[in-house]
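So the protein lines, in turn, are chains A and B. Per the numbering used here, the first sequence runs over residues 1 to 331. Per the numbering used here, the second sequence runs over residues 332 to 662.
Hints were generated in silico from the structure; no laboratory data involved. No false leads were mixed into what you were given.
Which bits of chain A does chain B cover? Going by a derived footprint, with three or more residues having C-beta under 8 Å, they are:
1) 160–166
2) 182–192
3) 260–273
4) 301–314
All of these numbers come straight from a predicted model, not from anything done at the bench. Just so it is clear, CB atoms sit at the ideal spot from N, CA and C, and this is done for glycine as well.
2 protein chains.
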Amino acid sequence: MSTPQVAVVIDWGGSWARTAVVDKKGNILWQSRNPNPRNGTKEEYLDNAERLLTTAIKQTGSSQLVGIGAAVAGPVEPRTGTFYQPPNLKVLDGVSFKALWEGKFCLPVWVGNDANLAAMGEYYYGAGRQPTDNNCPVQTLFYVTLSTGVGGGAVDKGSLYLGANGLTGEIGHTLVDSTDYALNCECGSRGCLETKVSGTSIAYIAKMKVSSGEFPESTLTNIDSAVLDSEAVFSAAGDKDPLAVSIIDGVISALGIGLTNIVHLFNPDMIVLGGGVTVGLVKLDLLTQIKEQISTRTMSAPHNDFQLTSTALGDSVGLVGAAAMVWEQFK
Amino acid sequence: MSTPQVAVVIDWGGSWARTAVVDKKGNILWQSRNPNPRNGTKEEYLDNAERLLTTAIKQTGSSQLVGIGAAVAGPVEPRTGTFYQPPNLKVLDGVSFKALWEGKFCLPVWVGNDANLAAMGEYYYGAGRQPTDNNCPVQTLFYVTLSTGVGGGAVDKGSLYLGANGLTGEIGHTLVDSTDYALNCECGSRGCLETKVSGTSIAYIAKMKVSSGEFPESTLTNIDSAVLDSEAVFSAAGDKDPLAVSIIDGVISALGIGLTNIVHLFNPDMIVLGGGVTVGLVKLDLLTQIKEQISTRTMSAPHNDFQLTSTALGDSVGLVGAAAMVWEQFK
Chain A
1 MSTPQVAVVI DWGGSWARTA VVDKKGNILW QSRNPNPRNG TKEEYLDNAE RLLTTAIKQT
61 GSSQLVGIGA AVAGPVEPRT GTFYQPPNLK VLDGVSFKAL WEGKFCLPVW VGNDANLAAM
121 GEYYYGAGRQ PTDNNCPVQT LFYVTLSTGV GGGAVDKGSL YLGANGLTGE IGHTLVDSTD
181 YALNCECGSR GCLETKVSGT SIAYIAKMKV SSGEFPESTL TNIDSAVLDS EAVFSAAGDK
241 DPLAVSIIDG VISALGIGLT NIVHLFNPDM IVLGGGVTVG LVKLDLLTQI KEQISTRTMS
301 APHNDFQLTS TALGDSVGLV GAAAMVWEQF K
Chain B
332 MSTPQVAVVI DWGGSWARTA VVDKKGNILW QSRNPNPRNG TKEEYLDNAE RLLTTAIKQT
392 GSSQLVGIGA AVAGPVEPRT GTFYQPPNLK VLDGVSFKAL WEGKFCLPVW VGNDANLAAM
452 GEYYYGAGRQ PTDNNCPVQT LFYVTLSTGV GGGAVDKGSL YLGANGLTGE IGHTLVDSTD
512 YALNCECGSR GCLETKVSGT SIAYIAKMKV SSGEFPESTL TNIDSAVLDS EAVFSAAGDK
572 DPLAVSIIDG VISALGIGLT NIVHLFNPDM IVLGGGVTVG LVKLDLLTQI KEQISTRTMS
632 APHNDFQLTS TALGDSVGLV GAAAMVWEQF K
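Okay, chain A solo, but in the shape it has when bound:
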């Protein structure tokens, strides 16, 4: 038997850096994680990641390590692996992990945006492996992460859609609200999907509504503003708290708009939702409602011919997605 091949992968978000050793079937053989330093310097962030990678490389033992795949939270140029103005890792602007780590570890390194790679992970090793409603293999999968921020990625017939510079699938910064009440977005614009459906935004909207004093009977008013998060809003919505229900209705309606745009532009046969907010949506069994909202907006019946589902890979989607990118090089 030949030596089994493995990839070392890293999923590098604003809060955590995770690493794993992944085989060619997308199985995680070993994994670990470290919190990123809060407001750390470039060196502190890099040290954290490199320590994790060094440990992961040691874990590959006698397997043949083919290279490193990195999923990073922010826009990244796929050829050079350069990070562009990552909103949650700002001090890393302009850093190329590819150049840095190929020199350091003497291994080939591939870098991609985490939400883009999550789409690859789900296509090859997750939701995309499930039979579709009509029993055909999935052709076009769009992944959306609903988390601290909102991002996405498209895989079409097995290939990640990268566009000119790999800066694709940014559904979080498509417009869903053009009213005078549209909220400001982290990206500098207003009314983006992210301002309506990210975990941060759900918490922000809840705090705003609570402090308006208009909902004195809501259970959310009993929660200290410092700990009022999107999970609390989902939990209260599950108990039919009217304020929480109205906030989650806003999430569903914004997703109805944002995902209809995706359906009309990318014509996916599968949309996969991931991230913490998706956990809340699934618990309250709201995916059917979102699908219905999209159906009322689509321009033709065949556009509705897609499955809306939640991540099959959960928290590991970034790691497995990074591995999918590595294995794509060895097909």
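Chain A is already provided as a structure; the job is to place chain B on it using the hints.
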């Protein structure tokens, strides 16, 4: 010398059916057109197209005719060539030109959506051949037709992005207006880009504003409502008529939103605008303003690294696009 190869192509819109003979370099060697019957039956529409195709086939003379390419105004399934609920050719719903014409003409037939194929035409034979600002070849081109309706298409590294069923690039039915004043769209939804920027919508908005009586001094009030069209609005805007200027400002601002969504999702390095409304925008030199609107909305500087330009193929973009689809089969 070997026999030169040619393709016969048809561009089938709501108002006109056009055919041409096109060589491998995208040159139109011969062309003709016929108006479609108004509110015709399925048979009348098909007769018109088939008469044109028969004439075109005769024009190919001693050249080697490799097949027929059809660009059609509406959603079309690329494998079977079946038309889905085409808004301007409703009686043709469910018809497969591919099946029909392969039987009739004993030639291979390929069918695509006209705006999708226009993207192919511009990529291979039009604006995509021009050197970009940084002198690199165009990687990812998004084409938008601003005409009676609004559609689009994406070509990435030479391949048309088709999604699961070829129903992609429908930028006309992405949301740009979520206010209570959003206009109803032909597609059944509200606030779509098409309701703000199509020729039909520009004329409709002008008529609505004129009949409101709020702009008694506008020159548009002197035009008979039956003939008040988007051209008249552009012309009055050129003369600084305040009503016309405000309508065109609305067009620019809606395009700013719709195209920012495209930039964030597809990351093109070239966006090409075509169709009659584009002629008006170019005459008033408004493309720079549209680009600026996009720049104020984009989430990162590298997303702005694209060229916004107008069609290099003009009215022939559908014909040449259909030919590009044919030649793609013989690469």
